[in-house]
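Enquirer: Position chains S and Z against the provided structure of chain Y, taking the given hints into account.
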Amino acid sequence: MHRLKVVKVAAIAACLAMVLAACGGDGGGETPPAGGGAQGQGVKGGTLRMVANADVDYLDTADAYSTVGFSLERLYSRQLYSFDSSKTGNELNVPVPDLADGAAQISNDNTTFTFKIRKGVKWAPPGTGEVTAEDFVRGVKRMYDKTTPSGGQSYSNLIQGAEEFAAGKAKEISGLVASGDTLTITLKKPASDFLSILSMPFFSPVPKEAEKYKVGADYSKHVIGSGPYTLKEYVPTKSMEFIRNTNWDPATDPLRKAWVDRVTVREGLEPDAIQQTIESGDADISMDTIPPNAALQRLSTDPQLKQQFSVQTTGCTRYFTMGTTSASDTPQAKISDVKVRQAVNYALDKVALQRARGGPFAGDPASTVLTPTLLGYQKFDLYPSADFKGDVAKAKQLLTEAGYPNGITLNYVGTNAGAGARVNTAAQASLQRVGITLKQKLFSGFALYTDSLGLPAKAKEHQMGNAGWCPDYPGDGARSFIVPLLDSRSIIPAGNSNYGLYDNADVNTKIDQALAEPDQAKRGALWGEIDKQIMEDAPWAPYLYDKTQFFWSKRVKNWIWTAWSNEADYTAMWLNPNTP
Amino acid sequence: MVRYIIRRLIWVVILLFAISVLTFSMFFLLPGDPAQQSVPKGATPETLAQVRHRMGLDQPVYRQYLNFLHGPDLVGNDKPSGVLNWPPNLGYSFRNEQPVLDTILDRLPVTASLAIGAAFFWLIIGIPIGILAALRPRSLRDRAAMGFALFGVSMPVFLLGIGLLYIFYFKLRWAPAPSYVPFWENPLSWANHLFLAWLTIALGTAALYTRMVRGNMMEVAGEDYVRTARAKGLTERRVVGKHILRSSLTPVVTMLGLDIGTLLGGAIVTERVFGLPGVGATTISAIAESDLPVIQGVVLFAAFFVIMFNLIVDVVYAALDPRVRYS
Amino acid sequence: MALLEVTDLRVQFRTDDGIVKAVDGVNFSLDRGQTLGIVGESGSGKSVTCLSIMGLARGGRVGGQALFQGKDLLKMHADELRAVRGKQIAMIFQDPLSSLHPFYKVGAQIVEMILAHEKMSKKEARDRAIDLLRLVGVPRPDRRVDDYPHQFSGGMRQRAMIAMALALDPAVLIADEPTTALDVTVQAQVLDLIERLQHEFGTAIIMITHDLGVVADIADDVLVMYGGKPIEIADRRSVYYQPHHPYTWGLLQSIPSVGAEHTGEKLRAIKGMPPSLIHLPTGCSFHPRCPYVMDVCKKEEPHLLPAGDNGAHLSACHLSIDEKQRIWQQEVAPTR
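In order, the protein sequences belong to chains Y, S and Z.
22 is the number of the first residue of the first sequence in this note's numbering; add one for each residue after it.
28 is the number of the first residue of the second sequence in this note's numbering; add one for each residue after it.
66 is the number of the first residue of the third sequence in this note's numbering; add one for each residue after it.
Looking at chain Y on its own, in the form it has when it is part of the complex (with noise of 0.2 Å):
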């Protein structure tokens, strides 16, 4: 997935890019608990009031991948299938059928797809009509298009026929089917987590009345909403006015409740102006910021406050990566050697690294390459120490083993502000104990992954390196996270993602194995083993699983979070008083 979006989104509002929380050593679990949430006394009306510090990325469904445009297009688009936020643990990551008119037929081989489209689903205004199989297709394609492309085209590139409707070579994607009220996908490989991938926003449909804007920028100020709201007004970097979709049936949608009658954002707002006026009641709920740590003690210990305030686990992880061939290795450090790598994993102080990115609120010490939200999840610990101390011993005796008894110097790449700083001071002071010495060169925010990290030419540099990942979607979201990172068939010479070039021919086949197996449990199983797999090859050298923490305003009833968008289910919630 994207890289951590919202640490870009966040970073301008200092230093606060993902301060998580978990309250009491153990991460005193989630408060309130993700999805659940009460039904039924739900209050109709009123205006959600949200303020934002900077501007989402898109509004337009086929180009919008961030935290903050998926958790809007919850809002005004629906997708095939959709998740429910009305349910709890491990079913909460599960896609049901929401455009579609009950369970898709697959065919015994996983790769081919059928789905009655639900009737009397309509347009927003001007949208006209019902949403039709013709609309997904046409949704499909827009995420081809040539000045705007997709993020999401690793996943529409699924579909049979998507590349070479993709390279010009055909009129239409071969795979991807629409007859009266039926369609059908088929896909080039079986792929078990399909359905998943289908609730992303990327596959919603779009009306045609949308022809008429270009992809991107310019129809995100006009979106037309098959969900209960659709786009009133978008003014880039200043505001958003979300109205009700008058043509929306709630008969057709039991998965949203939508309670409010209006959305409005207010952007360009510093972090502890969003903070006091959520706390006065001016304004419900933030977009995109967290808030500031000084107030987290507070917001987590009054009695009143920590009703409106939650941290969440949000599967996203936080990890060194390294070096894992001769490409990366330096006459001083062979980084290619797996004993270096353990030696690393040993030696981190995580509770250290944990305090840089904002102690128990801002996460918990990491030891697996999947994370808590994904399928296959398991804790262990392949390279364990008393409290995640770090092994000082193992570490000094591994590194001797591979050769350097007296202490390694490695390259290492990290960025230079906010809690990525601290975290670079406390690898090093770590590491130091063991006689690691990290030759640091910083980048400023994205660079360091467009300059540095993603280019498979500078491997010599980045011998290690600081990075974060989250995963597209939960539950089978394994494609978005081990995937890119660390299947050798991922790399690219510009844009990659699999840092360490880490190539393994047995995880490869697993990994295939795994995304076409159908049987849930036998996935997960197979995830797991490639976790551990992974982890013995030590790669990476993982320190964190992400926590956020959220606050809303007292009149916001019914926060529900959910790790489709990493945020909370805007429908779900409603206003006690419900004016404004």
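Among the hints, a few may not be true.
[As the list claims (entries may be wrong)] Derived lysine-lysine pairs resembling DSS-like cross-links, with alpha carbons at most 27 Å apart:
1. Y:K415 with Y:K400
2. S:K269 with Z:K184
3. Y:K190 with Y:K235
4. S:K269 with Z:K187
5. Y:K192 with Y:K253
6. Z:K170 with S:K269
7. S:K269 with Z:K152
8. Y:K531 with Y:K210
9. Y:K327 with S:K198
10. Y:K578 with Y:K327
11. Y:K162 with Y:K137
12. Y:K327 with Y:K65
13. S:K198 with Y:K578
14. S:K269 with Z:K188
15. Y:K543 with Y:K531
16. Y:K162 with Y:K190
17. S:K198 with Y:K575
18. Y:K235 with Y:K253
19. Y:K140 with Y:K162
20. Z:K336 with Z:K363
21. Z:K170 with Z:K187
22. Z:K336 with Z:K86
23. Y:K553 with Y:K531
24. Y:K229 with Y:K253
Please keep in mind that the hints were generated in silico from the structure rather than gathered at the bench.
Expert: Coordinates of chains S and Z only, in the frame set by chain Y:
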């Protein structure tokens, strides 16, 4: 006088050209590729090439500059869109899918409100304090005035703004939530919402004016013509009011013009702290999103205002000081 | 009763370096229609003397008495003094360009003074201003009245100042080096003008200058000051034909003379520098520069004593009267 203005206007045009070349070339020296930053990761090289083409980045630099001056139609109305066309297109933002000029004009009322209101307050705060201080040098009130000036000059704007917001909005609830209400919607509400922001800017600037007025007055008080005025038997009130003040405040007019001209380019910090969607806030968003055309456009726009106000101030000064007029 | 009677005037200024005794015991009296010339170098205290009489010496501590028509100017309330300034006692200054406000028209500045003291309409005051400008010889006064100071030439400017000073027919006009900043030819014109106006209006004049040549025609009496102190007082004839002080001799000698018989002559200056008013020399302040210095001069300060030829002629010098006469007749006078 007219010849003088015409000559100055020619200089204005030359200066603006020079600035446009400077800002344009500056961006080519910056690291980062705007095309790369607007495609999703994993985009194919062909896609990247297409996006670069749309943004016009695949052309040689001088060509891109010429396009900037008189360029292809990017707006979609079949008219060439460049700085030299009408309406002058300061660039095209691919992020907002909007000509930069439109974005700026949309934000300008907010910044103008901020500038004018702040100017009003810093004048009515700064000048009287400066005058009172100058009339009794080294007295207690003079020292108090200089203390105020020191405070105002030293206090960082963001700290003052955040502090005022915290005290008067969050704690006391006297001020409304930071936001902007257009003037024609409700003048009273407009002023109410802007008041703390005005104060934030005004306190710092007033300090400068206090010091300047005080210094000018103390200097002028020693001038020969002030001695003559007293020798003529004029009342002290008249000596101060008509003779000393007239000479002391004339330089203030020039400072005022320049300060307002600069503010119209965007009071970046204040706008962000108070959540006002002005030109300054737009600049910050543009920088965060690497929206180069907007940044370029705002720089040119701000430069235009500063230069124009420079000119206005010179003309006004000539109107106020007869010696300048006839030289 | 004299129009203006100044007794034991002392003016001191506090500075960081010490107390400056700018004026140390000046006495003079002025009658109607009379002209007093106060002569001395820069720093002699001549300007400060008159400024402090008018209450314009900023920051100075003034002692003594200055009776104007019987009332002590130094003890008047601000309002009383203001009524006197401009109307009864007017003052013109050395540099008319800096002494007039650059931003206001000349006519307006004259009108301003008139209206400060007399009730009349703006138009009447303006007409009066035009008349005054005509009187002092400014051509096209109806036009020039609306000009700014920098639009006048130096001489015209000074005439305008004179016009302004005499607008209300004051009893006394104090002219502080009015010609120093002007060309020699213009100087003569301005001095002429002042004399003419004095005849016409009967104004008493105090003419302050460093140039003995300037007061040659116009002064009735001359007061020579040095180092803040008066060192010789005499009527004009005595000062020029029978001066009784080495400093006065020096001043007379240093006037440049024009004419064929004087070509090739060096300018005679008084050697040495004016004294510091904070640390005055002991005894006679002039002794370091006096060619006829005696021992007693270094120890005792000479008092103003009659010079012998008439009671009004006073000089402060330890040389005996005979000595002074001899030196004057034999040594100094021939060189003039």
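Enquirer: None of the hints should be skipped; say for each whether it holds.
Expert: Against the structure, the hints come out as follows:
Restraint check for Y:K415 and Y:K400: satisfied, since their Cα atoms lie roughly 21 Å apart, inside the 27 Å limit. Proximity of S:K269 to Z:K184 is assessed by CA-CA distance (about 20 Å); at most 27 Å being required, the pair is judged to hold. With a C-alpha separation of about 22 Å, the suggested pairing of Y:K190 with Y:K235 holds against the 27 Å cut-off. Between S:K269 and Z:K187, the direct Cα distance comes to roughly 17 Å. Compliance with the 27 Å bound is thereby established for this hinted pair.
Distance hint between Y:K192 and Y:K253 is unfulfilled; the C-alpha atoms sit about 33 Å from each other, more than 27 Å. A hinted pair counts as satisfied when its Cα atoms are at most 27 Å apart, and Z:K170 with S:K269 qualifies at roughly 13 Å. Distance check on the hinted pair: S:K269 and Z:K152 sit about 20 Å apart at the alpha-carbon level, within 27 Å; holds. A hinted pair counts as satisfied when its Cα atoms are at most 27 Å apart, and Y:K531 with Y:K210 qualifies at roughly 15 Å.
Only pairs whose Cα atoms come within 27 Å are accepted, and Y:K327 paired with S:K198 is accepted, the gap being roughly 19 Å. For the given pair, Y:K578 sits about 13 Å from Y:K327 by alpha-carbon distance, which is consistent with the 27 Å threshold. About 20 Å separates the Cα atoms of Y:K162 and Y:K137, which keeps this hinted pair within 27 Å; it holds. Distance check on the hinted pair: Y:K327 and Y:K65 sit about 24 Å apart at the alpha-carbon level, within 27 Å; holds.
A hinted pair counts as satisfied when its Cα atoms are at most 27 Å apart, and S:K198 with Y:K578 qualifies at roughly 25 Å. Between S:K269 and Z:K188 the CA atoms are separated by roughly 20 Å; this keeps the pair inside 27 Å, and the hint holds. Using a Cα cut-off of 27 Å, the hinted pair Y:K543 and Y:K531 holds, with the two alpha carbons roughly 12 Å apart. For a cut-off of 27 Å, the pair hint linking Y:K162 to Y:K190 stands: about 14 Å separates their Cα positions.
For the given pair, S:K198 sits about 17 Å from Y:K575 by alpha-carbon distance, which is consistent with the 27 Å threshold. The hinted pair formed by Y:K235 and Y:K253 meets the criterion: a straight-line CA distance of about 18 Å does not exceed 27 Å. Between Y:K140 and Y:K162 the alpha-carbon distance is near 23 Å, which keeps this suggested pair within the 27 Å criterion. Of the pairs offered as hints, the one joining Z:K336 and Z:K363 holds, with about 18 Å between alpha carbons and a cut-off of 27 Å not exceeded.
Our distance criterion of 27 Å between C-alpha atoms is met by Z:K170 and Z:K187, whose separation comes to about 14 Å. Distance check on the hinted pair: Z:K336 and Z:K86 sit about 23 Å apart at the alpha-carbon level, within 27 Å; holds. With a C-alpha separation of about 12 Å, the suggested pair Y:K553 and Y:K531 falls inside the 27 Å cut-off, and the hint holds. Between Y:K229 and Y:K253, the direct Cα distance comes to roughly 18 Å. Compliance with the 27 Å bound is thereby established for this hinted pair.
Consistency with the previously given hints fails for number 5 only.
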